Each structure stands twice: as C-alpha cells, then as structure tokens.
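Protein chains: 4
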Amino acid sequence: MGTFGNKIKLSIFGESHGNGIGAVIDGVPAGYTIDMDKVLLQMARRAPGKDKTATPRAEKDFPNIKSGLLNGITTGAPICCVIDNTNTQSGDYSNLLALPRPGHSDYTAFVKYEGNNDIRGGGHFSGRLTAPIVFAGAIFRQILQQKGINIAGHISSIGKVQDKDFDPVNIDNSLMERLSESSFALIDQSKEDLMRQEVEAARMDLDSIGGTIECAVTGLKAGIGGPLFDGIEGKIAQAMFGIPAVKGIEFGKGFESAKLRGSQNNDAFEYKDGKVVTKTNNCGGILGGISNGMPITFKVAIKPTPSISKEQDTVNLQTKENDKLVVKGRHDPCIVPRAVSVVEAMTAAAIFDLL
Amino acid sequence: MGTFGNKIKLSIFGESHGNGIGAVIDGVPAGYTIDMDKVLLQMARRAPGKDKTATPRAEKDFPNIKSGLLNGITTGAPICCVIDNTNTQSGDYSNLLALPRPGHSDYTAFVKYEGNNDIRGGGHFSGRLTAPIVFAGAIFRQILQQKGINIAGHISSIGKVQDKDFDPVNIDNSLMERLSESSFALIDQSKEDLMRQEVEAARMDLDSIGGTIECAVTGLKAGIGGPLFDGIEGKIAQAMFGIPAVKGIEFGKGFESAKLRGSQNNDAFEYKDGKVVTKTNNCGGILGGISNGMPITFKVAIKPTPSISKEQDTVNLQTKENDKLVVKGRHDPCIVPRAVSVVEAMTAAAIFDLL
Amino acid sequence: MGTFGNKIKLSIFGESHGNGIGAVIDGVPAGYTIDMDKVLLQMARRAPGKDKTATPRAEKDFPNIKSGLLNGITTGAPICCVIDNTNTQSGDYSNLLALPRPGHSDYTAFVKYEGNNDIRGGGHFSGRLTAPIVFAGAIFRQILQQKGINIAGHISSIGKVQDKDFDPVNIDNSLMERLSESSFALIDQSKEDLMRQEVEAARMDLDSIGGTIECAVTGLKAGIGGPLFDGIEGKIAQAMFGIPAVKGIEFGKGFESAKLRGSQNNDAFEYKDGKVVTKTNNCGGILGGISNGMPITFKVAIKPTPSISKEQDTVNLQTKENDKLVVKGRHDPCIVPRAVSVVEAMTAAAIFDLL
Amino acid sequence: MGTFGNKIKLSIFGESHGNGIGAVIDGVPAGYTIDMDKVLLQMARRAPGKDKTATPRAEKDFPNIKSGLLNGITTGAPICCVIDNTNTQSGDYSNLLALPRPGHSDYTAFVKYEGNNDIRGGGHFSGRLTAPIVFAGAIFRQILQQKGINIAGHISSIGKVQDKDFDPVNIDNSLMERLSESSFALIDQSKEDLMRQEVEAARMDLDSIGGTIECAVTGLKAGIGGPLFDGIEGKIAQAMFGIPAVKGIEFGKGFESAKLRGSQNNDAFEYKDGKVVTKTNNCGGILGGISNGMPITFKVAIKPTPSISKEQDTVNLQTKENDKLVVKGRHDPCIVPRAVSVVEAMTAAAIFDLL
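Residue numbers (my numbering), protein chains in the order written: chain X, 192 to 546; chain S, 192 to 546; chain A, 192 to 546; chain R, 192 to 546.
Incorrect hints may have been included.
Where chains are identical, the list cannot tell them apart; a pair therefore holds if satisfied intra-copy or between any two copies.
Said to hold, decoys possible - Capping the alpha-carbon separation at 16 Å, the derived lysine to aspartate or glutamate pairs in EDC-like fashion look like this: (1) K338 - D384; (2) K515 - D504; (3) K515 - D464; (4) K519 - D504; (5) K355 - D379; (6) K450 - D358; (7) K251 - D275; (8) K382 - D396; (9) K470 - D358; (10) K501 - D379; (11) K515 - D379; (12) K463 - E512; (13) K351 - E383; (14) K470 - E512; (15) K463 - E447; (16) K501 - D398; (17) K463 - D504; (18) K338 - E512; (19) K198 - D544; (20) K198 - D421; (21) K251 - D228; (22) K463 - D514; (23) K466 - D514; (24) K519 - D398; (25) K355 - D421; (26) K229 - D398; (27) K466 - E512.
Worth flagging that the hints you see were computed from the coordinates, not collected in a lab.
The structure displayed is predicted, hence computed values, not measured ones.
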C-alpha cells in the first residue's frame with residue numbers, strides 16, 4: 192500500500208507522467224492554522240531545477256488543495272492535495288519497456304505488474320512522488336512546531352565529503368531553523384563548495400553520486416514510543432524506507448556502537464536544571480523504543496541516482512538477450528540536497544503518528 | 192502495540208519475571224506440518240547459558256502450544272504458545288526502581304508507564320521476550336522453506352573482529368543450512384576464537400561488547416514487495432527494530448553505497464541460464480522496494496549489552512540526585528551470537544507477511 | 192479514518208462545498224481493463240436530479256482520474272479520482288452554524304471539530320461523499336465480475352410499501368444484471384408507482400421518508416471469510432455503516448431468525464448437481480463468518496433524510512437557548528433509490544477486500 | 192484475523208477441545224486497578240451450566256493471567272490470559288467430519304481449511320471462545336467505568352416473548368448496574384418465567400430458540416467517533432458480528448426508522464440543565480457516526496443455536512451423498528441469556544477502541 196501510519200493515514204498517489212500526483216492525509220485534527228507559504232517553501236526545497244545538482248525539469252508543482260482546509264485552518268476532514276503533471280516529455284523513456292535500467296525499479300515493477308505499470312518517467316516509482324510527501328510533511332511539521340517539536344536535517348555527506356554531525360546533546364533552535372529552510376542544508380557551510388565539486392565531477396563523468404543525511408528531532412518529551420513493534424526506531428525506519436533511494440538507517444551511534452564496549456556506548460544519566468538528561472547521546476534519544484527526552488538523531492544512506500548517462504549492461508526483455516543501455520532524459524547527478532526536505536517530511540509524519 | 196504484520200498478526204506478550212511469556216500468531220494457513228524438533232533447535236540457539244558469551248540463567252523455555260496445531264499440523268486458527276517463567280531471581284533488581292540503568296529502558300519505561308510497569312528483569316523490555324519471537328519465526332521459516340525460501344544469518348562482527356560477508360550473487364543452500372543451525376554462526380569459522388576472545392576480554396573488564404549480524408534470504412522470487420510504504424526494506428526494518436538492541440540496518444551495500452558513484456553501485460542485468468540476474472548485488476536484492484530474484488541481504492547493528500558490572504553514573508529518581516550504580520544479576524557480555532536466530536526469526540515473519 | 196479495508200485501502204476525501212471530493216483506491220492489482228462507461232452508469236444511478244424523488248442539484252460529477260489507469264487498464268498504482276465541486280450554493284446553509292439540524296451531524300461535528308469543520312452543505316458528512324464511493328465500487332465490481340461475482344441491490348421498501356425479497360437459493364444473472372443497471376431498482380417493478388406515491392406524499396408534506404435496501408452477492412465460492420473478527424458479516428457491516436443514513440443491517444433472515452426455532456432456521460445441506468448447496472438460505476450464505484457458496488443476502492435500513500422543510504425544534508448554540516429551524520436548500524425527500532448503487536458499491540469494496 | 196481494534200488489539204485464540212483458549216489484550220494503559228472479582232462475575236454470567244437454558248458442560252474456566260497485571264494493576268504491557276480446557280468429551284463429535292451440522296460452520300470451515308481445522312467441539316468456531324472475550328471485556332469495562340461510562344444489556348426477546356426496551360432518553364445507573372450483574376438480565380423481570388418457558392418448550396422439542404439483546408452505553412460524552420468508516424455504528428457492528436450467532440444489528444429505532452417520516456424520526460434538540468440533549472433518541476445516540484451525548488442503544492439478533500437433537504438433512508462429505516444427522520453432545524437450547532455478557536464485553540472493547 193502507498194499508505195503510512197496508524198493514527199494518521201498518509202496515502203500517496205500518482206505516476207510521474209500521468210494526470211497528477213498527490214496525497215490524502217487523514218487524521219489531522221481540526222483547528223490548526225496552516226501557513227501555506229511555509230508549505231511552499233518546503234516544496235521549493237525539494238523541487239528540481241534550482242541548480243546544477245538537480246534535474247532541469249523545472250515545473251511548478253503547485254499543490255491544489257481539494258479538501259480539509261477552510262480559510263487556512265484544518266477542518267478535521269482528510270486533506271487532499273493534487274499536483275498536476277504539466278511538464279512531461281514521455282518520448283524520452285520509450286525504450287525502457289524493453290531495456291530495464293540498472294539500479295531502477297523497471298525490472299522489478301515489470302515482473303510485479305506484469306508489464307501493466309506506467310513506465311513513463313518511472314511511473315509510481317518516480318522520485319517525483321516525494322513532492323506530495325513533502326506537502327504532507329509540511330502540514331505535519333507546522334502542527335508539531337506548535338507543540339514545540341522541531342525537525343531538521345542536513346547533508347551529512349556527499350561521496351567522501353562530510354559535514355559535521357549534530358552535537359546530539361545540544362542542538363539549538365536557531366540551527367534547526369536555519370537547516371529546515373535551507374536548500375543546501377549544512378551544519379558546516381564551508382563544505383558546500385567541496386560537495387558541489389563532488390557532484391559536478393560526477394556529472395562531468397556522466398555519472399552520479401550518493402550521500403547521507405542526518406536528521407534531528409528536538410523538543411520531543413520523554414515517554415513517547417513503546418517496546419517491540421511499537422518503537423520509535425521502527426516507525427521512523429518504516430517512514431524512511433518509504434523514500435526511494437534510502438538503503439540504510441542508523442540511530443545515534445548506530446553501526447559505530449556495534450564496535451563499542453557497553454561502558455563506552457551507555458549514556459550516563461544526570462540531573463541538569465532539575466531535569467533528567469544524558470551526558471552523551473549515543474542512543475539517539477531512544478531507549479527501549481521510547482524517547483528519553485534528548486534529541487532524536489539518525490542518519491540515512493542515499494544511494495547514487497541510478498539514472499546515469501554512461502552506457503550500462505542490461506537485458507532486453509523482448510529479445511531475451513543481453514544488451515546495452517544509455518539512459519537519456521533529465522536526471523539529477525545527486526539527489527541528496529533535495530532529499531533533505533523529504534527525510535524531514537517523513538520524519539514529521541512518523542513523529543506525528545506516534546503522538 | 193506488541194503486534195507485527197498486516198497479513199499476519201504476531202502478538203508478543205509477557206514480562207521477564209511475570210507468570211509467562213509467549214506469542215499469538217494469527218494468519219498461518221491450515222495444513223502445514225510443523226516439525227517441533229526444528230522449533231526447539233531454533234529456541235536452543237537463542238537460549239542463554241550455553242557458554243561464557245551468555246548469561247548463566249539456564250532455564251528450559253519450553254513452548255507450551257495452546258492452540259492452532261493439531262497432531263503437528265496447522266489448523267488455520269491462531270497459534271498460541273506460552274513459555275512459563277520458572278527461574279526468576281527478582282531480588283537482584285530491586286534497586287532499579289530508583290536507579291535507572293544507563294542504556295536500558297528503565298527510565299523511559301518509568302516515564303511512559305508512570306512507574307506501573309513491571310521492572311523485574313526488564314519486564315516487557317527484557318531480551319527474554321525474544322524467545323517467543325524465535326518460536327514464531329521457527330513456524331514461519333518452516334513454511335517458507337516448503338516454498339523454497341531459506342533464511343540464515345551470521346555474526347558479521349563482534350567488536351572489531353569481522354567475519355566474511357555473504358557473496359550476495361551466489362549463496363549456496365549448504366551454507367544457509369549450516370548457518371541456520373549453528374549456535375555461533377560464522378561464514379569463516381576460523382574467526383570464532385578471535386570473537387570469543389573479544390567477548391571474554393569485555394567480560395573480564397566487567398564490560399560488554401556489540402556487533403553486527405548479516406542475514407540473507409534466498410529463493411524469494413522477483414516481484415515481491417512494492418513501492419513506497421509497501422517495500423521490502425521498510426517491512427524488514429520494522430521487524431528488525433522490534434528486536435531490542437538493534438540500532439541500525441542497511442540493505443546490500445547500504446552506507447557504503449552512499450560513497451559510491453552510480454556506475455559503481457548499479458547492478459548490471461544479464462541473462463544467465465535463461466533467467467534475468469544481476470552481475471553484482473549492491474542493492475541487496477531489492478529495487479524500488481521489490482525483490483529482483485537475487486538474494487536479499489542486509490546487516491543490522493547490535494549495540495553492546497547495556498547491563499555491565501562496572502560502576503556507572505545515573506540518577507536517583509526518588510531522591511532526585513545524581514547517583515552511582517553497579518548492575519548486579521546475570522547478563523550477557525555479548526548477545527550477538529544468540530541474536531542471530533532472533534534476526535532470522537523476525538526476517539521470516541517479515542517475508543511471510545509480504546507473501 | 193475515512194479509510195476502509197485491509198487488503199485494499201479506500202480513502203474518501205472532500206467536503207460538499209469545498210474544491211473537490213474524491214477517492215484514492217489502493218490495492219487494485221495491475222492489468223484489469225476498466226470500462227469507463229460502466230463506471231459512469233453507476234455514478235449516474237447515484238446522481239441527484241433525475242426525478243422528483245431526488246434533490247434538484249444537477250451537477251456533472253465527472254470523475255477526473257489522476258492516476259492508476261493507463262489506456263483504461265489498471266497499472267497497479269493507487270487509483271485517484273477527483274470530482275470537482277462546481278454547483279454549490281453555500282448561502283443556503285449560513286444559519287446552520289448556530290442552529291444544528293435535528294437528525295444531522297451538525298451538532299456532533301460541531302462538538303468533535305470544535306467548530307472548525309466545513310459546515311457548508313454538510314461538509315465531509317454530506318451524502319455527496321457517496322459519489323466517490325460509487326466510483327470506487329464501480330472499479331471493484333467490474334473486477335469481481337471478471338471473476339464471476341455479481342452484486343445487485345433493490346429497493347426493498349419505502350415507508351410501508353414493500354418489494355419482493357430475493358429468492359435466496361436461486362438468483363439468476365439476468366435479474367442481477369437488470370437491477371444493477373436500474374435507477375429505481377425493484378424486483379417487482381409493479382411497485383414503482385406505489386413507492387413514488389409514498390415519496391411524493393412525503394414531499395408534499397415538506398417531509399421525507401425512509402426505506403430498506405436488500406443486496407445480494409452471487410458467484411462467491413465457499414470458504415471466503417473467517418471466524419470471529421474476520422467474518423463476512425463484520426466486513427460488510429463495517430462497509431454499510433460507512434454510508435451515511437444506514438442504521439441497521441441483517442443477514443439472511445436476520446431479526447426474523449431471532450424468533451425462530453433452530454429446526455426452522457437451520458439450512459439443510461444437500462447435493463445438487465454434485466455440489467453442496469443448502470435447501471433454504473436463512474443464513475444469508477454465511478456460516479461461521481465464512482461463505483457457504485450460496486448467495487450472500489442482507490438488508491440495510493436507511494433512515495428518512497433528516498433535511499426536511501418543516502419547522503423543527505432545535506437549539507441555538509450561540510445564544511444557548513431553545514430555538515426553531517426551517518431547513519432551506521435542496522434535499523431529497525427519499526434517498527433510498529439513489530442509495531442502492533452506494534450499497535452495491537460498498538458491498539463490492541467489502542467483497543474485494545475479503546478475496 | 193482473530194484480532195479486533197485499532198488503538199487496542201484484542202487477539203482471541205484457542206479451540207474448544209485443544210489445550211487452552213485465551214486472549215491477548217494490547218493497548219491497555221498502565222496504572223489501572225482491576226478488580227478480579229468483577230472479572231470473575233462477568234465470566235460467571237457467561238459460563239454454561241447454571242440452569243436448564245444452558246449446556247451442562249460445567250467447567251471452571253478460570254483465567255490464568257500470564258502478563259500485563261502486577262499486584263492487580265495494569266503494567267501497560269499486553270495482558271494475556273489463558274483458560275485451560277479441562278472438561279472435554281471429544282468422542283461426541285467424531286462423525287461431524289463427514290456430516291456437517293446444518294447452521295454450523297462445519298462445512299464452511301472444512302472448505303476454508305481443507306479439512307485441517309480442529310472440528311472437535313466446534314474448534315475455533317466454538318461459542319467457548321467467547322469466554323476470553325468476556326474476560327477482555329471485563330477489563331475494558333472496569334476502566335471505562337472509572338471514566339463514568341457504563342455498559343449494560345438485557346434479553347430483549349426470546350422467541351416471541353419480549354422484554355421492555357430501554358427508555359433511550361433516560362437510563363438510570365441503578366438499572367445499568369443491576370442488568371450488568373444479572374445472569375438473566377431483564378428490564379421487566381416479570382418476563383423471566385415466560386422466557387424460560389419458551390426455552391423449555393424448545394428443549395422438550397429437541398429444538399432451540401433465538402432471541403434479541405438490547406445494549407446501552409451511558410456516560411459517553413458527545414464528539415466521539417467520526418464520519419464514514421470511522422463511525423461508532425461501524426465499530427460496534429464489527430465487534431458484534433465477531434460474536435458467533437449474531438445475524439443483525441440496528442441502532443436506535445433501526446429498521447423501524449425505515450418506515451418513518453423524517454419529522455417522526457428526527458430527534459429535536461433542546462437545552463436541559465444547560466446541556467444540549469435530544470427530546471427523543473431514535474438515532475441511538477449517534478449522528479454522523481459521532482456520539483451526541485445521549486445513551487448509545489442498539490439491538491442484535493441472535494439466531495437459534497444450530498445444534499439441535501432433532502434429525503436433520505445434511506450431506507456426507509465422504510460418500511458424497513445426501514444423509515441424515517442427529518447431533519449428540521451437550522448444547523444450549525438458547526444462548527441468549529449467556530450472550531448478554533458477551534455483547535456487553537464486545538461493546539466495551541469497541542467503545543474502548545474509540546476513545
């Protein structure tokens with residue numbers, strides 16, 4: 192199902208080159224004021240065509256709200272937004288029916304849907320489907336913000352160039368705010384040039400490059416989540432793997448903690464200003480699946496865009512022979528900068544569903 | 192909820208020192224023969240007390256089957272198994288009510304349940320709850336095996352000692368079988384001594400050590416799973432984070448792929464024996480959330496056991512002052528070897544739910 | 192949630208006088224051909240403005256399909272349809288904010304949404320929301336028909352005028368076909384005049400009138416459904432009570448069977464043409480929540496439209512005093528004829544979800 | 192699935208003549224005190240063997256609580272209760288494998304489970320499975336009661352003998368309390384003799400008799416529930432059809448309202464003691480799927496017990512010929528009195544899930 196959540200139901204629909212894409216968001220309580228400029232800002236962060244790291248497909252992606260908002264206030268009914276597909280050049284993709292692109296869903300979708308899926312532009316598997324996700328996330332995060340919960344991510348790495356990590360015991364609101372509005376979100380902004388060079392080098396090689404995104408949630412009080420299948424990690428992970436191209440996730444120290452001793456990894460408790468905090472935050476703010484009141488931090492791995500202009504080996508599903516493929520059309524050499532807002536949006540959906 | 196699955200519903204209940212723990216497994220079709228010896232073998236792999244890597248709490252953990260099996264054949268009704276708690280030394284844990292153990296759920300559970308949760312032995316958060324998970328997994332995997340699907344994991348690392356990875360394009364059944372029956376599962380068995388030394392060193396230091404587990408699913412045909420929130424990664428991730436101590440997961444190359452170019456990471460297709468395969472398997476057998484017919488491979492990070500005998504800083508929730516804690520009682524210096532069967536079990540649950 | 196189903200997810204969105212209403216249908220397999228003329232026929236059966244039994248609000252209600260269909264064939268992606276709201280006269284409803292209409296959701300919605308819901312035209316509670324339900328049902332029933340499963344309903348009664356019941360052991364396809372295309376569906380067509388007189392009499396009295404609808408499902412093989420919360424009755428009932436104005440449901444003999452002896456109510460089995468059938472069908476084709484291969488039959492009670500032009504007692508929520516209300520605007524004196532297609536549509540959704 | 196609920200998960204397991212039956216109740220918050228005597232009282236109301244209306248199978252049905260309660264207080268972990276099967280006479284049922292009992296699930300279960308289901312005593316379809324339902328309901332209703340919500344039902348009719356209905360605008364707590372503790376719950380207690388005669392007459396004829404149960408929920412504030420598939424009617428209906436033998440449900444006036452004019456059926460609002468109430472309560476306390484603050488009232492139809500000692504026509508599934516059957520063993524001539532507590536229990540589950 193393209194549906195996420197237990198207390199909320201987030202349904203994503205659409206195909207890249209069909210009539211439209213969109214979201215239905217069920218479970219948003221009545222009476223919240225939504226600032227549409229903030230929604231559009233988030234959608235702009237994700238939108239392609241801003242610079243050379245992104246695909247030149249520069250469309251409007253304006254969210255037409257069909258229901259659930261009246262005079263900018265949530266009515267309690269499901270919120271539906273539709274984004275019409277206007278700028279589609281389907282001719283580019285005609286040979287993909289026979290020649291599945293390596294690293295893409297062309298082959299697996301062909302098997303699953305027995306050739307009936309809309310292959311144009313990646314169809315329902317297109318990264319374009321993340322636009323309604325960002326729309327939905329922009330609604331969720333505004334409501335969370337009214338409860339004092341902030342969400343922001345940054346480009347943790349592109350290729351081998353790394354940004355600084357969040358200081359997980361002390362993330363101030365001004366940093367969260369700056370990142371959550373940035374279109375190339377970095378803690379250490381001096382790394383922007385190096386990262387752009389990494390992307391440009393890939394682009395010049397007709398290639399692409401992957402990266403990681405770190406995301407933080409601040410202001411979440413202790414006691415949210417639950418044991419076993421009710422845990423925060425499981426909920427956020429499910430949300431993250433709903434984003435195309437995510438191939439890994441780790442909370443707090445994550446894979447690094449697997450190399451540590453318990454005495455190194457455990458976060459000691461202490462009272463600070465009358466409140467229980469931890470001195471370190473290797474657990475990413477989550478113990479036993481439940482928030483401990485410290486910032487939630489996690490990283491996701493984004494694989495390099497599979498659409499590259501280099502010649503690749505593939506099969507021809509019609510002739511049933513091995514073949515070669517050069518992917519034409521418009522594609523990003525690196526989706527990591529744009530994906531930050533998508534990661535934040537799905538994090539907002541996950542946190543909203545937990546509350 | 193302690194409930195996993197859409198097509199199946201796996202409910203886990205119990206507290207470490209309560210009357211009993213167990214599982215209700217709903218959605219298992221009628222007519223499958225279950226070999227109880229194989230179930231007990233899996234439970235033995237997880238059971239503590241086998242050697243120095245594990246806690247000396249050596250109980251029987253015999254699964255009493257209340258329903259759903261008649262003469263060893265599934266009836267189609269929910270399968271309930273109860274494991275009675277017989278060997279509990281609750282006195283050990285009395286001071287934990289005031290002094291939450293760093294790295295444990297004591298504090299977060301205290302906040303969530305307002306002090307009403309059963310703290311003895313970790314209560315509902317105890318690793319002991321993984322025994323019914325292994326029981327359930329043993330049912331699922333036997334049925335999957337009858338469909339040609341095999342699941343096996345191995346200790347990928349303990350501390351800094353690493354096992355070899357699966358060769359993801361070519362995993363033979365004999366390896367899968369050997370691993371899935373081993374109580375110290377390694378591809379390169381020569382690493383066992385080094386790993387045991389790593390654990391013993393931690394134990395001698397009154398400390399613990401983390402590790403990673405790699406798991407593979409073979410025999411899953413192409414076309415299983417789906418886009419967005421329907422993907423295999425999301426389903427398996429949700430299952431894995433239901434296991435206490437898991438802090439990260441990556442599929443295929445995972446975090447490594449974030450450093451790669453698309454041309455390095457994409458898996459080229461080719462025909463082999465008339466079948467579409469990929470030459471490499473960096474994607475871990477999953478494209479667009481859907482299986483491509485290659486082995487599914489993923490790794491999880493297991494944090495070091497938080498229960499250590501070293502003195503640690505914590506807070507006293509009664510006096511509301513900072514305090515010190517030495518955790519007494521029985522605990523594993525390393526749960527990674529025992530956790531292999533738990534990872535396999537939850538993988539079986541996830542795959543079963545997808546089919 | 193405005194979401195129905197386990198294997199499918201049917202999301203209904205929209206408000207009567209908002210920008211649009213619609214449905215997202217997730218879980219429809221790829222490769223089914225959908226005849227759009229048949230969809231429009233079903234929507235026409237539900238549409239208002241056909242004759243004096245219905246509201247004069249005569250709009251097009253054309254379903255714009257945004258996704259999930261390509262060249263008339265399902266792609267496997269969620270199907271989204273949007274129906275724009277074009278003919279809305281919101282002025283009619285202005286005083287309802289203060290004066291809740293008896294029998295309507297105005298008061299309960301006011302309490303639940305704290306006054307933020309869109310009250311215009313009934314908002315999200317409007318009978319207009321059944322248009323996307325009929326759209327969705329038209330998709331489901333076409334696919335079911337390709338599997339040999341037919342669904343049809345008829346006006347079982349309006350006020351005190353009754354149609355004949357289905358012969359539950361022998362329902363032929365031509366009857367099913369005739370009913371499922373009729374806009375005033377009756378088994379005994381000679382009752383149409385009497386029923387229309389009943390409606391007209393209510394209309395002349397500035398009043399409205401209720402009725403019942405009987406629905407049958409033929410061609411469903413034995414063995415579908417399950418015990419306890421998995422039963423067909425529960426699934427269909429949940430679907431039916433999702434339709435505004437439904438206040439009761441009974442399967443087979445239903446409330447009548449509560450007066451019977453077991454020997455009268457039990458349906459004896461017999462072999463007929465080598466197949467197990469029952470001689471009678473008092474159970475409505477369902478035993479233990481599972482289909483027995485006979486037609487599924489059930490009846491629903493539709494309350495009289497609460498919008499009537501007579502003066503009624505109500506409260507004024509602003510002055511907090513008792514008050515009087517005359518409901519203006521356009522409304523049906525009897526929605527039963529139009530509701531037949533809605534009942535069929537939700538039945539199709541329920542059966543589809545069970546398969 | 193044998194699982195009910197969204198916010199709660201109620202799993203029922205067991206087979207009549209297997210090792211045990213029980214329930215897992217997930218989602219009960221921590222910190223509620225449960226009076227076990229009240230639980231046992233409810234279970235006694237359902238238990239067989241009290242008098243001639245019931246089966247002589249007089250077993251203890253003691254609920255062994257495995258988890259989720261510590262010193263009588265909920266811990267927040269899932270509550271598991273197991274009831275061992277001790278008094279089973281399986282020999283009675285041996286010929287049912289070949290000769291399905293009319294009105295029973297024998298045939299449909301045979302088809303669904305391909306003969307692998309446990310047929311003894313009705314297996315998973317046995318009315319005995321309602322014992323853990325009553326256990327779970329007894330937990331839910333105690334917590335609801337602490338929130339001022341009361342639930343009680345009565346035998347509305349047996350055969351043609353009718354009890355008085357609730358006065359739906361005015362149900363006092365003492366009546367609710369009396370009914371909810373009674374083992375033959377009647378508003379007009381003078382009807383008990385007539386009803387017992389009706390049952391006894393059926394018993395003497397080797398037959399059985401059906402009836403209806405009316406149930407009320409008082410103290411539920413306005414604004415609970417929601418539109419479309421979120422409504423109270425749908426939730427309660429789904430719960431009721433989870434009870435074996437229920438074949439119909441109606442809310443408020445239900446099927447009677449289908450004969451009425453809107454002016455007769457609408458419930459006028461008025462202020463009473465500063466509170467909005469309705470003068471009548473034909474809607475059963477529910478408008479637009481949402482509670483209006485008046486008592487919730489509904490009736491369910493219970494079919495006559497299908498197990499009767501009269502000879503009946505059936506088929507022989509082995510010889511594939513028509514045959515005759517006389518059902519031996521112990522069975523109730525009328526389950527309606529015992530079913531009252533089951534209806535109340537599932538109502539409690541439904542209301543709990545809505546809150």
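Open item on the list: Are any of the numbered hints broken by this structure? If so, which, sorted upward?
Closed with: Checked against the structure, the hints that fail are numbers 1, 3, 6, 8, 10, 11, 15, 18, 25 and 26, while the rest are satisfied.
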